[in-house]
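Go by the hints and put chain Y onto chain E.
Protein sequences appear in the order of chains E and Y. Heads up: the first sequence begins at 1 in the working numbering, then just goes up one per residue. Heads up: the second sequence begins at 1001 in the working numbering, then just goes up one per residue.
These are computed hints drawn from the structure, not numbers from a lab. Treat the hints with care, as some may be off.
Sample of chain E residues with no beta-carbon within 10 Å of chain Y, all distances over it, derived [to be verified]:
no.	residue
1	Gly15
2	Gly57
3	Gly69
4	Glu74
5	Asp98
6	Arg120
7	Pro130
8	Glu133
9	Lys138
10	Trp139
11	Asn141
12	Asn161
Quick partial rundown of chain Y residues pointing at chain E, CB under 8 Å, derived from the structure [to be verified]:
no.	residue
13	Asp1036
14	Val1334
15	Ile1338
16	Ala1339
17	Val1344
18	Ser1345
19	Ala1347
20	Val1368
21	Asp1374
22	Arg1375
Anything over 10 Å on all C-beta distances counts as not near chain E; from chain Y, calculated [said to hold, decoys possible]:
no.	residue
23	Ser1113
24	Arg1273
25	Gly1300
26	Trp1323
27	Pro1361
Glycine included, each C-beta is placed from N, C-alpha and C at the ideal position.
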Amino acid sequence: MRADLEIIEQWIRPGSHVLDLGCGDGILLDYLQREKQATGFGLEINSDDITACMARGVSVIEQNLDTQGLGNFEDQTFDVVLMTQALQAVRRPDLVLDEMLRLGREGIITFPNFAYWRLRWYLLHKGRMPESETLPYKWYNTPNIHLCTFKDFEALCYRKNIRITNRTVVDGQHRDRWLSRLWPNLLGQIAIYRITRQEDS
Amino acid sequence: MPDSLPPDSAGIVTPQALHFAEPIKLACGQTLACHDLVIETYGTLNEDASNAVLICHALSGHHHAAGYHSADDKKPGWWDSCIGPGKPIDTSRFFVVSLNNLGGCNGSTGPSSINPATGMAYGPDFPVITVQDWVHSQALLADRLGIQCWAAVVGGSLGGMQALQWSLTYPDRLRHAIVIASTPRLTAQNIAFNEVARKAITSDPAFHGGRYYDLNTIPRQGLMLARMVGHITYLSDASMGEKFGRDLRDQAYKFGYDAEFQVESYLRYQGERFSESFDANTYLLMTKALDYFDPAYESGDDLAKALAVARCEFLVLSFSTDWRFTPARSKELVNAMIAARKRVSYAEIDAPWGHDAFLIPTPRYTEVFTAYLDRVAREVGV
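Extracted from the complex, chain E is given alone in its bound form:
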């Protein structure tokens, strides 16, 4: 399994009730169901991914976060709410964060770090919007409309009084590298955060 998913998996207690926002083909939920006896749902809008989830036996709900929100889920019904590589693609990441912690005791989020040195260099050197293996789109067709950095994300959490309980980083191949852990904002490609509003998590 991808290194980022392996890291996430370690943060999830056995038997957890999990909501995965933008669950893709359901690979993580499938793994959590089998290895951690987790229960829960994935939310997805891509029809091929929805079909893939169904084929896997992952419970998936076709629901668009931007247009339909999460109002159909009750407060604190999940142990963990996950969002891997999707926060930067929603219309209002700040509101989604609020919703994640309304629904779940804790949230786990991954996103591409826009302050990664290669992206900085790309912009500095070429003067054009960076493209990379993690951000393979043009500025006009990218789904990633709210890119941010480690520092941006942490500033937002601070403003919202959200507690960061874990932070780690992997590279473009989702490998865990000690150097990028040392200077994540410069050397980290993918940020992985574990957040909560509760004191005793």
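Same frame as chain E, now just chain Y:
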């Protein structure tokens, strides 16, 4: 029609009639001493009887869901698009059971059957049947066939309500409930349309209080009208527009009241054909079953609470242009399942055909349906 049967057809199928001598207690308080059910089966029941799938039909449906009755049969069963070898409900893996529900008019005991107590047709004396009653009778059928637990109970529209009811009445007797283009309860508008249909039938002079059989007549006009209004609710504005537009049968307006627009003659034709083949009392009964269906009623209108007993997994599907049972109604059901912590998957299929879309194999519908049932098949080892 077919010179040779298509390779993905369930083939030549033969209905069978089963007699049930045990009395069945109905929701209305009456008891039916005995009854007959007409069924069809496709595929083979495996050794541990784990691969059985029950098909529940909608308002005007019946037991003939797939395959052909003879080599020169013009049309296959009503859900042939989804049932057959290699189709979503794959008859090379599943043992598929399809029945004509109690109260029907295709061979199962219903208002047009002879009442053993009087020797005459039941007519209006036939008790009103509910979705719950159907599920009880389907459970007796399962017993008879040696099926303790269905791999899946599947239905569209009123059929979906039966699948949902199964999960509540016999939670240990199904692994999956597949609820398509359905709703947890009818809205006032839905009931209103049903009432127009019923009123059309009962106000036909040939209805005779439901005893038209004895007078050797049928309320043809009333049933035709009922079907016409029903049919409009099964289609979408867009699909009617595409099919008929404002096309005329002739070149110019005639300034009269005959069927001039294509859509008028289509509706009349559909209504007439239906009135020749369907029983008016059964139509009344089916619409009442729809109106009464409301599993949340006994749980203080709390659907999630009503769903607490369910143990199966659910697949809920809706269609974008269905305005009879809109995607929002399916979503309401899904949200209650989420709140009740049930395992549920939901997809809204983009299809232009309104409510009828559940009978039409759009690519995405087929993909989702196939993927889900493939997993069900693997789960039961076929």
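Results for each hint:
1. Consistency note on Gly15 of chain E: stated as away from chain Y, and its beta-carbon is indeed over 10 Å from all of that chain's, at 13 Å minimum.
2. Non-interface status of Gly57 of chain E relative to chain Y is broken: a Cβ of that chain comes within 10 Å, the nearest being about 5 Å off.
3. Under the 10 Å C-beta cut-off, the non-interface status given to Gly69 of chain E relative to chain Y holds; the minimum distance is some 12 Å.
4. Interface exclusion of Glu74 of chain E from chain Y breaks down, the closest Cβ pair being 6 Å apart, not more than 10 Å.
5. The beta carbon of Asp98 of chain E sits about 19 Å from the closest Cβ of chain Y, which is more than 10 Å, so the claim that it is off the interface holds.
6. Residue placement check: Arg120 of chain E keeps its beta carbon more than 10 Å from all beta carbons of chain Y (closest about 41 Å).
7. Listed as a non-interface residue, Pro130 of chain E keeps its Cβ farther than 10 Å from every Cβ of chain Y; the least gap is roughly 35 Å.
8. Look at Glu133 of chain E: its CB is around 30 Å from the nearest CB on chain Y, clear of 10 Å, so calling it non-interface holds up.
9. Annotated as non-interface, Lys138 of chain E keeps its C-beta farther than 10 Å from every C-beta of chain Y; the closest such distance is 27 Å.
10. The non-interface label for Trp139 of chain E is consistent with chain Y: the shortest C-beta to C-beta separation is roughly 29 Å, beyond 10 Å.
11. With a minimum CB-CB distance of about 22 Å to chain Y, Asn141 of chain E clears the 10 Å threshold, and the non-interface call stands.
12. Non-interface status of Asn161 of chain E relative to chain Y is upheld: no Cβ of that chain comes within 10 Å, the nearest being about 28 Å off.
13. Interface restraint check for Asp1036 of chain Y: the shortest CB-CB distance to chain E comes to about 38 Å, outside 8 Å, so the restraint is violated.
14. The closest approach between the C-beta of Val1334 of chain Y and any C-beta of chain E is roughly 6 Å, which is under the 8 Å cut-off, so the hint is satisfied.
15. Of the supplied interface hints, the one on Ile1338 of chain Y holds, with its beta-carbon coming within about 7 Å of a beta-carbon of chain E, less than 8 Å.
16. Hint status for Ala1339 of chain Y relative to chain E: holds, with the closest Cβ pair at about 6 Å, below 8 Å.
17. Because the beta carbon of Val1344 of chain Y sits about 6 Å from the nearest beta carbon in chain E, less than 8 Å, this interface hint is met.
18. The interface hint given for Ser1345 of chain Y is met, as the beta carbon of that residue sits about 5 Å from the closest beta carbon of chain E, less than 8 Å.
19. Checking Ala1347 of chain Y against chain E: minimum C-beta separation of about 5 Å stays under 8 Å; hint holds.
20. For Val1368 of chain Y, the interface hint holds, since its Cβ comes within 8 Å of a Cβ in chain E; the closest pair sits about 6 Å apart.
21. At a threshold of 8 Å, the smallest CB-CB gap from Asp1374 of chain Y to chain E is about 6 Å, leaving the interface hint in force.
22. At a threshold of 8 Å, the smallest CB-CB gap from Arg1375 of chain Y to chain E is about 5 Å, leaving the interface hint in force.
23. With 10 Å as the threshold on Cβ separation, the claim that Ser1113 of chain Y sits away from chain E holds: the shortest Cβ distance comes to roughly 41 Å.
24. Under the 10 Å C-beta cut-off, the non-interface status given to Arg1273 of chain Y relative to chain E holds; the minimum distance is some 36 Å.
25. With a closest Cβ-Cβ approach of about 17 Å to chain E, Gly1300 of chain Y is found to remain outside the 10 Å limit, as its non-interface label requires.
26. The Cβ of Trp1323 of chain Y sits about 19 Å from the closest Cβ of chain E, beyond the 10 Å cut-off, so the non-interface label holds.
27. Listed as a non-interface residue, Pro1361 of chain Y keeps its Cβ farther than 10 Å from every Cβ of chain E; the least gap is roughly 15 Å.
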